[in-house]
Amino acid sequence: MKRSAIRWTTACLGAALTSLALAGPAAPAGSGRCDTPVVLSATDQAVREDFNKARGTVRLVFLVDPVCSHCLRGMSDLDRDVLRPHAGDARLTAFVIHMSVLGAKQADVANACQVMPGTGAKHYWDPAGNAGRLFGQGLALKSEAGKDVFAWDVWAIYGPDAQWTSTLPPRPVFAMHQLSDLMWQKTYPFLDSSAFAKEVARQLASLKPAHGSTAHE
-7 MKRSAIRWTT ACLGAALTSL ALAGPAAPAG SGRCDTPVVL SATDQAVRED
43 FNKARGTVRL VFLVDPVCSH CLRGMSDLDR DVLRPHAGDA RLTAFVIHMS
93 VLGAKQADVA NACQVMPGTG AKHYWDPAGN AGRLFGQGLA LKSEAGKDVF
143 AWDVWAIYGP DAQWTSTLPP RPVFAMHQLS DLMWQKTYPF LDSSAFAKEV
193 ARQLASLKPA HGSTAHE
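Sequential numbering from -7 applies to the sequence shown in my numbering.
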């Protein structure tokens, strides 16, 4: 890992504690906030249920490890270019699924409080990593050797009509990644927050502005 990434991650981890202290009263356990994520079991359908309840909105799914410096930087960039510009827009829903790939613990999900503060995203902690396997298969992620690729550090956009009706999630209309195993393929490009933001804007343009929300072109 580059020294700049280490310094950036260390700063985020330290500042996360300050962010939590300023966040106000503690939310109920499992509320879906960055400091109280929904904890998923091996048979939990919470993500699928929440995904389907949000049908009619443009849905973002971020699959991350909360101690991964590249994941934290990706969350920070997308918070800046996508979530904050569309804060308050009821047509956009964001789900962040945290998993342990590099040894993360549930408490590490709070790191997201620093890089995605107050954006309304719903956070989940998936200790078994089932989401990584399901989304990896749903997106048909393969290495150049043809092996299945676990979906983490993956960022997906789903249109308003998408439904999750089977075991695997549907294919997104657009997705990006930061994985060396996927550098060979061209279906899903490497994460570029500006390009991601343009696709989100394109999807939102197909929807009428929600009552009481602020649309951003």
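No lab work stands behind these hints, which were simulated from the structure alone.
Computed from a predicted structure; not experimentally measured.
Hints may be right or wrong, so weigh each one.
What the hints assert, rightly or not - Once the Cα atoms are required to be at most 25 Å apart in a straight line, the calculated DSS-like pairs of lysine-lysine come out as:
1. K45 - K200
2. K178 - K190
3. K178 - K200
4. K114 - K139
What the hints assert, rightly or not - Just the calculated beta-carbon pair ranges, DEER-fashion:
5. D140 - K97: 23 to 29 Å
6. R72 - A137: 16 to 22 Å
7. A197 - L160: 27 to 33 Å
8. G112 - S198: 17 to 23 Å
9. S158 - K200: 25 to 31 Å
10. A79 - K190: 29 to 35 Å
11. K134 - K97: 26 to 32 Å
12. P109 - T179: 28 to 34 Å
13. P201 - R125: 34 to 40 Å
14. L94 - T35: 23 to 29 Å
The beta-carbon is built from N, C-alpha and C at its ideal position, and this holds for glycine as well.
Evaluation of the provided hints:
no. : hint                    : in the structure
1   : K45 - K200              : holds, 18 Å
2   : K178 - K190             : holds, 18 Å
3   : K178 - K200             : violated, 32 Å
4   : K114 - K139             : violated, 31 Å
5   : D140 - K97: 23 to 29 Å  : holds, 25 Å
6   : R72 - A137: 16 to 22 Å  : violated, 36 Å
7   : A197 - L160: 27 to 33 Å : holds, 28 Å
8   : G112 - S198: 17 to 23 Å : holds, 21 Å
9   : S158 - K200: 25 to 31 Å : holds, 30 Å
10  : A79 - K190: 29 to 35 Å  : violated, 18 Å
11  : K134 - K97: 26 to 32 Å  : holds, 30 Å
12  : P109 - T179: 28 to 34 Å : holds, 32 Å
13  : P201 - R125: 34 to 40 Å : holds, 37 Å
14  : L94 - T35: 23 to 29 Å   : holds, 25 Å
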